[in-house]
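Trainee: Those sequence lines, one after another, are chains A and B.
Heads up: the first sequence begins at 1 in the working numbering, then just goes up one per residue.
Heads up: the second sequence begins at 1 in the working numbering, then just goes up one per residue.
These are calculated hints, taken from the structure and not from any lab test.
Careful: at least some of the hints might be erroneous.
Under the rule of at most 25 Å between Cα atoms (straight-line distance), these lysine-lysine pairs were calculated in the BS3-like manner [what the hints assert, rightly or not]: (1) Lys177(B) to Lys142(B); (2) Lys67(A) to Lys77(A); (3) Lys235(A) to Lys185(A); (4) Lys185(B) to Lys235(B); (5) Lys180(A) to Lys177(B); (6) Lys180(A) to Lys32(B); (7) Lys74(B) to Lys180(A); (8) Lys185(B) to Lys142(B); (9) Lys180(B) to Lys177(A); (10) Lys235(A) to Lys77(B); (11) Lys74(A) to Lys180(B); (12) Lys180(A) to Lys106(A); (13) Lys185(A) to Lys180(B).
Number of protein chains: 2
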Amino acid sequence: MKIKITLGYDGTDYCGWQVQPNGVTVQELLEKAVFMVTGESVRVTGSGRTDAGVHASGQVAHFSVEKTSIPPEKFAKALNAHLPSDIRVFSGEQVDQSFNACTSAKRKTYCYNLYLSEIENPLKQRYSTTVHGDVDLDLMKKGAELFVGEHDFACFNASGSGAKTTVRTIYSIDIEKDGKELRVKVTGNGFLYNMVRTLCGTLLALSQGEKSLQDIENMLINGDRTLCGRTLPAKGLCLESVEYD
Amino acid sequence: MKIKITLGYDGTDYCGWQVQPNGVTVQELLEKAVFMVTGESVRVTGSGRTDAGVHASGQVAHFSVEKTSIPPEKFAKALNAHLPSDIRVFSGEQVDQSFNACTSAKRKTYCYNLYLSEIENPLKQRYSTTVHGDVDLDLMKKGAELFVGEHDFACFNASGSGAKTTVRTIYSIDIEKDGKELRVKVTGNGFLYNMVRTLCGTLLALSQGEKSLQDIENMLINGDRTLCGRTLPAKGLCLESVEYD
Chain A
1 MKIKITLGYD GTDYCGWQVQ PNGVTVQELL EKAVFMVTGE SVRVTGSGRT DAGVHASGQV
61 AHFSVEKTSI PPEKFAKALN AHLPSDIRVF SGEQVDQSFN ACTSAKRKTY CYNLYLSEIE
121 NPLKQRYSTT VHGDVDLDLM KKGAELFVGE HDFACFNASG SGAKTTVRTI YSIDIEKDGK
181 ELRVKVTGNG FLYNMVRTLC GTLLALSQGE KSLQDIENML INGDRTLCGR TLPAKGLCLE
241 SVEYD
Chain B
1 MKIKITLGYD GTDYCGWQVQ PNGVTVQELL EKAVFMVTGE SVRVTGSGRT DAGVHASGQV
61 AHFSVEKTSI PPEKFAKALN AHLPSDIRVF SGEQVDQSFN ACTSAKRKTY CYNLYLSEIE
121 NPLKQRYSTT VHGDVDLDLM KKGAELFVGE HDFACFNASG SGAKTTVRTI YSIDIEKDGK
181 ELRVKVTGNG FLYNMVRTLC GTLLALSQGE KSLQDIENML INGDRTLCGR TLPAKGLCLE
241 SVEYD
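So that you can see chain A by itself, here it is in the shape it has in the complex (with noise of 0.2 Å):
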């Protein structure tokens, strides 16, 4: 039986999604609770890989147990009494063999959350990154519109990062402004490693006047990783949601 469930986590605390040897997981965390669970040692499989310190508000992940007693909508109650509070599995439910968490995603949004103040915010720096000073929001709305679509981004690609091509599609990007919290929500048919950091850092150097628009489509043309602005820290990230068909 194929179980898909959807899952949060605050990742302050974690080296990330993937199993490793040194540092906890989120992954590792829902292998040992599926155990606890089904008393079966399974491969939990993720809509993707988050780094160290990202979040998530609706990641996806699937696995397959052999037997179980418990109903698929039981799960989620089931796996979060194995699990710290910073993790929750918000829902389970039996899915085809097809199904795939991984390579049947067909749409990710990520949110990246800034907060403009000259002085951190003690009650907002544990999700967001702060930048001192304003942005030139319509600035950087003009830069977003030239990310969106289909593009090779081996602009954003980190050295090693193994991926087959780098050409990927975004669908949106909407910047959006609320007092001194600025949100970024990217979504496409997947992202390399560390992309959506590097073009978030990348649209807040145009606003701080330190890239041009000029310089975005050069990225986008040539591929030249120097003219990217710098990668924001994994605290400000979260994973949003993945959707299937």
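Based on the hints, put chain B in the right spot on chain A.
Mentor: This is chain B only, laid out in the frame that chain A set:
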């Protein structure tokens, strides 16, 4: 020279505002920071004590220094250099000797944050209390109206609080719902120990059918604490602002 500062803190890791023998408090760290900056051992007086785990986005405090080379408006930055990142001073200014952050306060606004869901959200739990299921917003608003005005709030008076009078004026209670998030914003001329948390617990009990509007009327007449709802957890409470003439 008397300095007034406005500050915020994530109360999660603190034993509240007031200096105490066991555990680290916000007041203690501020006093240490003032010493680091000025070399003077001073008392930092807050607008009021916040309990262990309660947050603040607009706490106000004052202290007096004999002599300092630091202009008042530079105190925020100077103090922040000696404070942990979960406490930030937002601003500082010189005030008249007659100013007292505690006794001069005219109005305080607290916000209690509830998250309405069967399953906790890891990204919300640090600053809110999860309530299973929905609430009856209209009924909560009707209950809130009964608390507004000048009343003897003896029903909310914790034993041994030592308050001289239990008469307080609540100017407004605004309840806002935004998706799963419910914010109860209470403005008054002052609050008894645990008053906002118990008041919100009472509105919740009303919504859940455990208390009636008549119970609220009775508790305000009789001062009967047993008619109140439970005192909600500290982590959902935030001191938002303190106003002075």
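Trainee: Which earlier hints can't be squared with this structure?
Mentor: Hint check: 6, 12 fail, others pass.
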